[in-house]
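**Student:** Input sequences plus hints: build the corresponding full structure.
Heads up: the sequence lines are chains A and B, in that order. For the first sequence, counting from 1, position 165 maps to 165 in my numbering; every step adds exactly one. For the second sequence, counting from 1, position 442 maps to 442 in my numbering; every step adds exactly one.
No lab work stands behind these hints, which were simulated from the structure alone. One or more hints might be untrue.
Below, a list of computed lysine to any residue pairs in the SDA-like style, where the Cα atoms sit at most 20 angstroms apart [as the list claims (entries may be wrong)]:
(1) K281(B) / A86(A)
(2) K223(A) / A231(B)
(3) K213(B) / A177(A)
(4) K223(A) / Q235(B)
(5) K227(B) / L211(B)
(6) K485(A) / Q209(B)
(7) K423(B) / G467(B)
(8) K91(B) / K281(B)
(9) K223(A) / P232(B)
(10) K283(B) / E293(A)
(11) K213(B) / Q122(A)
(12) K213(B) / G184(A)
(13) K148(A) / E85(A)
(14) K91(B) / S62(B)
(15) K283(B) / V88(A)
(16) K227(B) / D347(A)
(17) K223(A) / C453(A)
(18) K148(A) / A177(A)
(19) K485(A) / G338(B)
(20) K281(B) / I294(A)
(21) K145(B) / G467(B)
(22) K283(B) / P328(B)
(23) K283(B) / E85(A)
(24) K213(B) / S119(A)
(25) K444(B) / C453(A)
(26) K283(B) / F91(A)
(27) K281(B) / A305(A)
(28) K227(B) / G589(A)
(29) K485(A) / S547(A)
(30) K227(B) / L272(A)
(31) K213(B) / K223(A)
Cβ-to-Cβ under 7 angstroms is the rule here; a few derived chain A residues that face chain B [as the list claims (entries may be wrong)]:
(32) R63
(33) A89
(34) R93
(35) V109
(36) V112
(37) P174
(38) A181
(39) G184
(40) L212
A quick note: this is a predicted structure, and the numbers were derived from the prediction, not measured. From the three backbone atoms N, C-alpha and C, an ideal C-beta is built for every residue, glycine too.
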Amino acid sequence: MFSPRSRIALALTIASVALGGCVGRRSSSTSGTGRGPAGADGAGGGAGTGGGVASDNPLLPARVRRLSNAEYAASVFALLGVNPEAAVAGFPRDATQRLGFSVNDAQIVSSVLAGQLDSAAQALVAAARQSGQLDFLAACGDPSSEGKACARTFIQSFGARAYRRPLSAEDVDPLLALYDAAAGEGGSYDDGIDFVTRAILQAPGVIYLTELGDSTASSLAGKTTLTPYEIASLLSYLATAGPPDRALLENVDALVTADGREQQLRRLLPTLEARTRLVRLVREWLGIDGIAEIDKDSNVYPSFAAHHDAISAESVSFIDEVFSNGAGTLQELLGAEWTIVSSGASDEQVSAYYTDYYGLGVGGTATARTVLTGARGGARVGILNQGAFLSRFATATGSNPIQRGVAVMRRVACLELADPAELDINVIPPVPDPNTPKTTRALYAAHAADPLCRTCHQSIDNFGFAFEQYDGMGGLRASRQEAVKTAAGIVLLPVDTATTVAGTGTDLDGHYADSNALARVLSTSATVRACMARQMFRASAGRGDASVRGAEAHFLTEWQQLPADQQSNLIETLVAFVRSDVFVERSTGP
Amino acid sequence: MNKVSAARRSFLRAVGAGFASFPFMRTLEHSVAHAAGESQPQRFVTMYHPHGVAAEAWAMRSSDTEGNFDLTFTEPLSGAVCPLEPLDRHKSRLLIIEGIDLLSNTFGHDSAGTILTGSRINASLQRTANSSLDQFLAVEQGLGKSTRVTSIELAVGTDSAATGETLSYGAGGVPLPKIIDPVQAFDRLFGGLVLSDDPATREAALRNQRLGKTLVDFLNADARRLKARLAPSEQRKLDQHMTALADLEKQLAPMSMAGAAPACPSGLPSPLRPVGSRFPKLKRYFGGEPYFDAIADAHIDLIALAFACDVTRFATLLLGDLSYEGNPLDLPPDNHGGVAHTYDGSPVGTNGNPIGSGTPATWAVLAKFNRYAYGKVARMMDRLTEYGVVDGTLVYASSEMGNPCLHSTRNVPTVLGGGVNGKFRMGRRLRVAADCPPSNLACKPGDPAFNGTANNHLLVSIARAFGAGIDSFGTQPNAADKSGSLAGVL
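**Tutor:** Now the structure itself:
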């Protein structure tokens, strides 16, 4: 059935790829293999037009950012009140920042997307016409005599909501010309309104958020302040992934003050839209949104398919619970000893998850927190010891301490590592001896023996080894033994989760009995708090590469003024961001 | 019957005779008649199939020669039929090359991006360092400019932008999105060409076409207004957007305004919009598995028809995995784990690198999957032949790996089909020089002994066949790996 050699070769190949910086020379074009917490070096450019030149400017550049697919859907829903799901379903996926943030200022409009935006716009217009929504939005007493005046009124009201600012004559006139083109030549008033709406739904001024300030105002020393309407949009998309509501747009002048921004952000955060956005943000940060794409070798993990929905649902419910009924802190996110699976999976899946996966011995559905101290093998501490993270950072056929270690270092602790391609090293899978079975951990012993490998791997591997009590789908290894297939059949080998992290130069250096012990330390670590703040910056600013390292450092300095308990709070960190000058000022320099 | 009238009749058949009275349709008809007398353009389609090959049943045997080879043999140890067998009927139009390496510098599964870029993969950024050959030719060399659609990127089962699942990249190595729905693919290719029989729908479509330019002009003006406020580095975003709008304009424009009009040869079937209910689910792992085969066939037929009608000249098609419980090939439900990783190969296809004698039973299942993939390549060749455009087309079929159990990106299977109007000598099998000398069979890229043949050389050869005067293509640290054409192809 399953060749032992191929399994081992796979594990080693992935391992070798993931680790990177062991051997070889560093490319001169990259910076900082990074010991200690990294600056913005490692977060990488987006998958779009790419990162810019490294910059220590304390401000983000004046720029535009294309809405993500989710943001676009929320925007058209707010405008037309018709379900946008079908219309945007075929859009190309968001091109994400390196770590997976879908808010990414490098997103482009490709030829495929341009075509789909137009198709979606036409479908949405047709749906809004059918639902009566456009009749309502563009009501006109006597279209035959007042059609153009009615169209102007519609353009000014609907257009302002779409562009998220009042329209000038320069905005209105071209739209009115579109109305004329479609309503003339035998077309009707409705034809004209439909055509204008179709155009607005794909207009560059609508699908890009601007962070440009007022170009007519004099900009001082290469910087500009965003207009109140731009601030309203940024704040709204940051909080809810959707456009500003009426309360924001009617009070834009208050947004020029930090208090005004904080007040609006706190008003928005309890909404369903904001909680959905926060869940997305944390899932993207930790990489666990990728669970949707994860599949396992059914020969090795026959039960993964049955648990997949519950694993994914748990990650959503748990994060949501941390924000809705918890305080939104790292202590809870990384250190909670409970879980919750309240949506996204059937009752049967949830029941099976608790009994088979966690070994809790209680079936039934759970819509409240379930304490995990009674789980098979003891408590599972925090989100890193849950199924989504453990399955996502593993291979199809086994656990992978390298992926898990790299994820903890890069995502949770911001300890940067270079990539194999950056290091210009060649990755050749070693051919192990099939007659000498080894645990996954033992396969990586070579890393510790080779002085070049050791440079990076004494950290990577030891973070990752702590998770070795869990297999490739996050299931607890029975009796703390790993089943290893060999030519002679399956042998059970004891796993070792005790690790010593050294050389990171942070408060994370130390000895850990297992990943639960590690998670408890991560949940209160100053290094992790600062990393979370960096990640919130990257996820919110839509960029995290070296081109904005100055702005990121600027925000970090401000964030460090918070009391320690607020520093570990994701909500307070976002509040600090919108209060910051970094949020409202932009560099206009080269 | 003369050439012009045949083309005219064929085109009328394709669009439905009822529309011949519309003014723009008549213009189109004249253009078709005109274009039929001109020399064929060159078209390029790349097809990807995952998980490498069972080299034991795929590679040249000792009895084969460059010009005389058998694609129908049965490998004796495993009982596997040569997976290239479906292509046997196109043997004279094939150039099968073994020994090509993808120097991706990353994990096998992440390496599909190297096939058309010749670039190392940045696994962390999930991008390549340069654009793919199809985009280089279609966009940068302008060869896709005159057709209604500059290029089309299709896939079966996955719309991931990861390098392991993306063939086409724009400038700077930005992965281009793929269409996975045949209905969407049809609309992109033929949406403006075929009009409904329903008079009201038809009138609306014609109106739309009239208004299309007005719409695109507005969008361009809006983009320009925004661009004028941006610093140069930010302006690139709007430049890219306006490039996309130029394609939208071609899509929306009446045929007479869309550059070169379709030149559909006679005997062509009507381009019919695929029925969406045939593919109710599209994505793998999300219920799309049972429709894989129908989606693949629909994509292939659309590409061939689009080539024949000269709607586009550049396409890529990424075939995902066909494997699920109850699949028609009777393969294990998990192709990745149950076929590719189970494959226990012999030294064939690994340059003699000693890896043991392998397990023949595992070769047969992988060969079966390979045979399925080459069946799809054969379908493409069938359609292109049927539509009379096979000699003006180059089909490039490859995989991200050679030996999938080792995740080796070396010795990847390479099959060229068609003709590029005679610029490649077809009807041959070639084997490039071994990567390593017998004294050092485990040599690797970067070693002095390494003598691998990167696919970059093949990309240079293809680019030259399409008239691009380049000497190197791709991004490799060793200049020799990316420079010069592939000896023996021309």
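**Student:** Next, verify each hint and record whether it holds.
**Tutor:** Going through the hints against the structure:
no.: 1; hint: K281(B) / A86(A); verdict: holds, 13 angstroms
no.: 2; hint: K223(A) / A231(B); verdict: holds, 13 angstroms
no.: 3; hint: K213(B) / A177(A); verdict: holds, 13 angstroms
no.: 4; hint: K223(A) / Q235(B); verdict: holds, 18 angstroms
no.: 5; hint: K227(B) / L211(B); verdict: violated, 24 angstroms
no.: 6; hint: K485(A) / Q209(B); verdict: violated, 63 angstroms
no.: 7; hint: K423(B) / G467(B); verdict: holds, 10 angstroms
no.: 8; hint: K91(B) / K281(B); verdict: violated, 35 angstroms
no.: 9; hint: K223(A) / P232(B); verdict: holds, 16 angstroms
no.: 10; hint: K283(B) / E293(A); verdict: holds, 10 angstroms
no.: 11; hint: K213(B) / Q122(A); verdict: holds, 15 angstroms
no.: 12; hint: K213(B) / G184(A); verdict: holds, 16 angstroms
no.: 13; hint: K148(A) / E85(A); verdict: violated, 32 angstroms
no.: 14; hint: K91(B) / S62(B); verdict: holds, 18 angstroms
no.: 15; hint: K283(B) / V88(A); verdict: holds, 16 angstroms
no.: 16; hint: K227(B) / D347(A); verdict: violated, 52 angstroms
no.: 17; hint: K223(A) / C453(A); verdict: violated, 45 angstroms
no.: 18; hint: K148(A) / A177(A); verdict: holds, 10 angstroms
no.: 19; hint: K485(A) / G338(B); verdict: holds, 15 angstroms
no.: 20; hint: K281(B) / I294(A); verdict: holds, 18 angstroms
no.: 21; hint: K145(B) / G467(B); verdict: holds, 15 angstroms
no.: 22; hint: K283(B) / P328(B); verdict: holds, 18 angstroms
no.: 23; hint: K283(B) / E85(A); verdict: holds, 16 angstroms
no.: 24; hint: K213(B) / S119(A); verdict: holds, 15 angstroms
no.: 25; hint: K444(B) / C453(A); verdict: holds, 19 angstroms
no.: 26; hint: K283(B) / F91(A); verdict: holds, 14 angstroms
no.: 27; hint: K281(B) / A305(A); verdict: holds, 18 angstroms
no.: 28; hint: K227(B) / G589(A); verdict: holds, 16 angstroms
no.: 29; hint: K485(A) / S547(A); verdict: violated, 48 angstroms
no.: 30; hint: K227(B) / L272(A); verdict: violated, 35 angstroms
no.: 31; hint: K213(B) / K223(A); verdict: violated, 38 angstroms
no.: 32; hint: R63; verdict: holds, 5 angstroms
no.: 33; hint: A89; verdict: violated, 9 angstroms
no.: 34; hint: R93; verdict: holds, 6 angstroms
no.: 35; hint: V109; verdict: holds, 4 angstroms
no.: 36; hint: V112; verdict: holds, 5 angstroms
no.: 37; hint: P174; verdict: holds, 6 angstroms
no.: 38; hint: A181; verdict: holds, 5 angstroms
no.: 39; hint: G184; verdict: violated, 11 angstroms
no.: 40; hint: L212; verdict: holds, 5 angstroms
Consistency with the previously given hints fails for numbers 5, 6, 8, 13, 16, 17, 29, 30, 31, 33 and 39, ordered from lowest to highest.
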